[in-house]
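K.L.:
Each chain, written out:
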Amino acid sequence: MHDLRSFLETLSKRGELAEVNRRTDPRLMAGLLGASERALLFNDLAGYPGMRAVGQVMATRDRCAFAMGAEPARAPWRFMEALRRPVAPELVADGPVLEHRHSGPGQVDLTMLPIPLLHQEDGGPYMTAGLVVSEDPAEGRNVGCYRLMYRTPDTTGIDLVSNSDLSSRYRRALARGESLPIAIAIGTHPCDAMAAAYAAPVGTDEFTIAGALKGEPIPLVRLPLTGFAVPAYAEVAMEAELLPTGWTEPEGPFGEFQRLQGGVHLNPIVKFNAIYHRDHPIFHVVTHPWEGGWAMNSIPMEVSCLEALAAARIQTAAITLPKGGVCFDVVASIRKKPGQGKLAVMALLSTTIIKHAVVVDEDIDVFDPVDVQWAVATRVQADRDIIVVPDCRGKPLDPTATFAGTPQALASRWGIDATIPDGRDPEAFRKFAYSFPDSRLDDYVTG
Amino acid sequence: MREERMAPTRRTELAERIRVLLAERPLSVYEVVQQFPDDDYRALLQAWGDVRAALPLVPDAHGRYRPPAQGG
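Listed in order, the protein sequences are those of chains E and A.
Position 409 of the first sequence, counting from 1, maps to 409 under the numbering used here, and the rest follow consecutively.
Add 1000 to the 1-based position in the second sequence for the numbering used here, that's all there is to it.
No lab work stands behind these hints, which were simulated from the structure alone.
Predicted model, so just to flag it, every value in this text is computed and none were measured.
Note that the Cβ used here is the ideal one computed from N, Cα and C, for glycine as well.
Certain hints may be false.
To be verified - Cβ pair distances, simulated, as ranges:
{"hint": "1", "chain 1": "A", "residue 1": "Pro1067", "chain 2": "E", "residue 2": "Asp383", "range": "55 to 63 Å"}
{"hint": "2", "chain 1": "A", "residue 1": "Gln1035", "chain 2": "E", "residue 2": "Ala311", "range": "52 to 60 Å"}
{"hint": "3", "chain 1": "A", "residue 1": "Thr1012", "chain 2": "E", "residue 2": "Thr402", "range": "44 to 52 Å"}
{"hint": "4", "chain 1": "A", "residue 1": "Arg1010", "chain 2": "E", "residue 2": "Glu81", "range": "25 to 33 Å"}
{"hint": "5", "chain 1": "E", "residue 1": "Asp371", "chain 2": "A", "residue 2": "Gln1035", "range": "48 to 56 Å"}
{"hint": "6", "chain 1": "A", "residue 1": "Pro1067", "chain 2": "E", "residue 2": "Leu260", "range": "22 to 30 Å"}
{"hint": "7", "chain 1": "E", "residue 1": "Pro105", "chain 2": "A", "residue 2": "Leu1021", "range": "26 to 34 Å"}
{"hint": "8", "chain 1": "A", "residue 1": "Gln1035", "chain 2": "E", "residue 2": "Ser412", "range": "38 to 46 Å"}
{"hint": "9", "chain 1": "A", "residue 1": "Pro1056", "chain 2": "E", "residue 2": "Asp371", "range": "27 to 35 Å"}
{"hint": "10", "chain 1": "E", "residue 1": "Glu139", "chain 2": "A", "residue 2": "Leu1021", "range": "42 to 50 Å"}
What the hints assert, rightly or not - Covered, in the sense of this in silico footprint (three residues per stretch, anywhere, with C-beta under 8 Å from a C-beta of chain A), are these stretches of chain E:
{"hint": "11", "region": "14-27"}
{"hint": "12", "region": "141-152"}
{"hint": "13", "region": "250-261"}
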């Protein structure tokens, strides 16, 4: 079974997991996680006997690709293949997540979980690794990633500002004057989180994508109160409801995906009715910006970019959302036909979040910033190859966005066609080669 | 997993001390946690939750909470 524990074992074998066996004050977790690119497993948290915590599990794009059994460069194609061949989950009668149950009056206390205070200006401690499951009679199951801000031992805030399947369902429940029941799973396999992070069409059960990514059906177990199903191997599960208070409760600030402190938003309140967990559960903390903001989202977003390029009939050789671009920037190399450089730029800029797109030829390594800069330096004329589109739909979290008399953020988008100009001799743009390139430096330089 | 619960008196006392601090000046949760380096984290979360349940606290743009009566 592919669960969080099996993935951590694999990371350990690869030297990508460090175990902290020294007793650790949970308030130090954020700083320690932020300083580590390796996944960090805290085995002895002060005040939380029997409870462990882990973070930075998906902090690199390579690790996310590895989770889905793909070479890093081929990861978005592997994801697309999974979208084409979903694997239905399998309902099981029981599961490890139900080993310990806390429900009923006075029994639900979120402080039993080591919910970290991640950033200095956060409005509270945050649960950041929650897969939120909702059910709808017409649309079926939906799974999404939502952050939850600790308020009281049985309530949190939830970030429901952006349009999503969950916000639509909540709006409909509100219209009926009802709360919206949800289930939350924390501590699952990275593929589950990446599937939930993908902007799937309405009616898609993200667990079927996760199953396809892992190549096996996800075992789901129904939770006792709502009957909603969560991965049976989750470390922690909860049953809760979005109260019919509407968007009235301040939530945030929170250190956001783009490495900036976000603002305070009015959001719903979540009331928790039950907590379940495995023996010695591992509480998963998704850190920002590199894990939750970039790595686990970059591959699903590269898929959206590939789909846009494919719709324009452009063949993509490689694509990446580079780390510093925090999911605003994309670099793609294409097997170009005349006129497709700028077409590719426009296709990429048509996707939801991309602000900046650079398109290069296949001979450029999109994963090497120096190579990409070299292409821009040697293949671009600014007046001809840079496209700027003002007043596009932007992200409110982009601090440069403007609000020109509308609640919707507006932002400019730009793209650079850094491919060899059409009609020019490609030979003039080829990298030179050193003489006798097969000579081995190690044969002449030691130490 | 063994449950570890804080004595109710300590929880109440911590909550009261947090309330007094917030009455003096707006504080972020981080600043509140910094004020109690010797208390365990879970105890602080419980006390903070009790304060939030009792008072309609509103954070400013830097996450500093103040009771609404002191707003402006």
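K.L.:
For each hint, tell me whether it holds in the structure or not.
P.N.:
Hints, verified against the model:
1. Pro1067/A / Asp383/E: 55 to 63 Å: For Pro1067/A and Asp383/E the Cβ distance comes to about 58 Å; the hint holds.
2. Gln1035/A / Ala311/E: 52 to 60 Å: 56 Å, holds
3. Thr1012/A / Thr402/E: 44 to 52 Å: Given about 49 Å between the Cβ atoms, the range holds.
4. Arg1010/A / Glu81/E: 25 to 33 Å: 55 Å, violated
5. Asp371/E / Gln1035/A: 48 to 56 Å: Cβ of Asp371/E to Cβ of Gln1035/A: about 51 Å, so the range 48 to 56 Å holds.
6. Pro1067/A / Leu260/E: 22 to 30 Å: 28 Å, holds
7. Pro105/E / Leu1021/A: 26 to 34 Å: Given range 26 to 34 Å: holds, Cβ gap about 31 Å.
8. Gln1035/A / Ser412/E: 38 to 46 Å: 44 Å, holds
9. Pro1056/A / Asp371/E: 27 to 35 Å: About 55 Å separates the Cβ atoms of Pro1056/A and Asp371/E, which means 27 to 35 Å is violated.
10. Glu139/E / Leu1021/A: 42 to 50 Å: For Glu139/E and Leu1021/A the Cβ distance comes to about 47 Å; the hint holds.
11. 14-27: n = 3 at 8 Å, threshold three: holds.
12. 141-152: holds (count 3)
13. 250-261: holds (count 4)
Checked against the numbered hints listed earlier, the structure breaks hints 4 and 9; every other hint is satisfied.
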